[in-house]
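Take a look at the letters that make up each chain.
Protein chains: 2
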Amino acid sequence: MGIAELWFTEKQTPDLAISTKIKRIYVQEKTEIQELAMVETEAFGNMLILDGIIMTTERDEFVYHEMMAHPALVTHPNPEQVLVVGGGDGGVIREILKHPKVKKATLVDIDGKVIEYSKKYLPTIACKLDDPRVEVLVKDGFLHIHESKNLYDVILADTTDPIGQAARLFTRGFYHGIYEALREDGLFVAQTEDPWFNAELIARIHRDVKDAFPIVRHFWANVPTYPTGMWTFTMGSKKYDPLEVDISKIPDLDTKYYTPQIHQAAFVLPKFVADIVKD
Amino acid sequence: MGIAELWFTEKQTPDLAISTKIKRIYVQEKTEIQELAMVETEAFGNMLILDGIIMTTERDEFVYHEMMAHPALVTHPNPEQVLVVGGGDGGVIREILKHPKVKKATLVDIDGKVIEYSKKYLPTIACKLDDPRVEVLVKDGFLHIHESKNLYDVILADTTDPIGQAARLFTRGFYHGIYEALREDGLFVAQTEDPWFNAELIARIHRDVKDAFPIVRHFWANVPTYPTGMWTFTMGSKKYDPLEVDISKIPDLDTKYYTPQIHQAAFVLPKFVADIVKD
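Chains as they are written, first to last, in our numbering: chain A, 22 to 300; chain B, 22 to 300.
Read the hints as simulated data drawn from the structure, not as lab findings.
Mixed in with the good hints, there may be bad ones.
Any copy, or any two copies together, can satisfy a pair, since identical chains are not distinguished.
As the list claims (entries may be wrong) - Below, in silico cross-link-like pairs of lysine-lysine (DSS-like), each with a Cα-Cα straight-line distance of 25 angstroms or less:
no.: 1; residue 1: 124; residue 2: 160
no.: 2; residue 1: 270; residue 2: 44
no.: 3; residue 1: 299; residue 2: 149
no.: 4; residue 1: 140; residue 2: 44
no.: 5; residue 1: 292; residue 2: 149
no.: 6; residue 1: 270; residue 2: 259
no.: 7; residue 1: 160; residue 2: 231
no.: 8; residue 1: 292; residue 2: 270
no.: 9; residue 1: 42; residue 2: 32
no.: 10; residue 1: 270; residue 2: 51
no.: 11; residue 1: 44; residue 2: 32
One chain only, chain A, in its complex shape (with noise of 0.2 angstroms):
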């Protein structure tokens, strides 16, 4: 950037910034449905923002996708379709095809920008968004879930902030869809944002997904670029428990932080979390 220091900042909250030093800027561009950019920062290498928000980082992107993905598929027996809401970015996918009973992945992101731009820069992240068990539909999530009736075993909400139109991703009306979409032993794991600023958020999605749910659990991991550092997951399942998997059964899956033992620890919730979504 020559002598000029360039940052990026992200107000989290009115009161609460993040703020990373950009080497380069790759994109920046209004896209149909969001502002879009694409930088390079010091700290996190390659880093895609949405309307500000820092969606996802080549440094740290393994924790959210990881954890977004793999307590879901291990809880499922047999993840045959599996149906990612969002993530235009294509982490998620890559964690899907680790598992090898998944015979298809279907990605709906209503941005085809954010999947092109992620080929584009974040080849370690999209690397499996042309896998022939992908199938990438650019269409509003929540279109598609009220149009789908009993299709997948899982189901990954991806989602930005529940600001804007992603709001309606974070409703009541959105898990009953969810629940209908899913085969009669389905599941699903959507990101709940963090506890510390987003208490009320959680606690009403613990409510709004226990009407839909017989069985309804959250687990957390730490991502350092989303606010607070704590992530918050919520899942909603038909029939199987997370808590009740046998971890000695789970595979080795290549991952940098999920493991068995992470499998049972990230649902353990900190005392003031745990009072969040206390029944």
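Chain A is already provided as a structure; the job is to place chain B on it using the hints.
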């Protein structure tokens, strides 16, 4: 602050920063030891900053202080004499005193100003510094460790980052000094930074502690105001293994993060962290 919006920014690495909006500056002072600031933030309440680095905040302090104290004090069956090196804010002392077997808790902080201003501006953290079981020494912790022989059941190294003179508190010599200062079945815990940007440091600490102690364990917790939100702790123990604690016997400690289940889960390291401390 009137019309000016004031932010405090900590450069957590040369390429990564956290910023919090400031409502009020209580103290900005060069003590004999370091630069000390006490400020009120929107996001985290009152905040202690030393040499430009966030030490603790009212909002998230419980995580760090509980995790410094309870895994150690639950692992030792009879922790009567406990030493805190650093920790002038008093948070670790407050947690220590939740254990009825503790007869005496000694705090050795090199900077009396940290203690003074914590009592004034962090009253919920420093609340137990005047307890009759507590001895407060304004003194170099490195020196105190090397003057102490066979004295303590548990030592908790609640230090600043390994920069400047605090670097001595992350050395082989310090860990050997701790070994000598502990009784024959003693154990210690030290805060040991984040694994994303300090992998080499943690690997070295692992080797150095292993050089002195037969049992070395690492655990972690989420602290939002520390870099990456993932904070590690290292335990060195002469006799007792934290992994062998019967968690059904852990009493209710009136905590907000630590629970008996967290006692186990915190020692489960994500794969990339386990790889750092692999023997």
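Hint check results:
For the homomeric pair residue 124 and residue 160, the shortest alpha-carbon distance inside one copy (21 angstroms) is at most 25 angstroms, but the shortest distance between copies (65 angstroms) is not. Taking the closest pair of Cα atoms, residue 270 and residue 44 never come within 25 angstroms of each other, the shortest separation being 44 angstroms inside a single copy and 53 angstroms across copies. With identical chains, the CA atoms of residue 299 and residue 149 are never at most 25 angstroms apart, being 38 angstroms at best within one copy and 31 angstroms at best between copies. Taking CA atoms no more than 25 angstroms apart as the test, residue 140 paired with residue 44 passes inside one copy only; the shortest distance there is 20 angstroms, against 43 angstroms between copies.
Taking the shortest alpha-carbon separations for residue 292 and residue 149, only the inter-copy value of 23 angstroms comes in at or below 25 angstroms, while the best intra-copy value is 38 angstroms. In this assembly of identical chains, residue 270 and residue 259 lie within 25 angstroms of each other by CA distance solely inside one copy; the values are 22 angstroms within and 35 angstroms between copies. Taking the shortest alpha-carbon separations for residue 160 and residue 231, neither the intra-copy value of 27 angstroms nor the inter-copy value of 55 angstroms comes in at or below 25 angstroms. In the homo-oligomer, the alpha carbons of residue 292 and residue 270 lie at most 25 angstroms apart only across protomers (18 angstroms), although the nearest pairing inside one protomer, at 29 angstroms, exceeds that limit.
Taking the shortest Cα distances, residue 42 and residue 32 sit within 25 angstroms of each other both inside one copy (15 angstroms) and across copies (10 angstroms). Neither within a single protomer nor between protomers do residue 270 and residue 51 lie at most 25 angstroms apart by alpha-carbon distance, with minima of 46 angstroms and 58 angstroms respectively. Taking identical chains as interchangeable, the C-alpha atoms of residue 44 and residue 32 lie at most 25 angstroms apart whether they share a chain (20 angstroms) or sit on different chains (17 angstroms).
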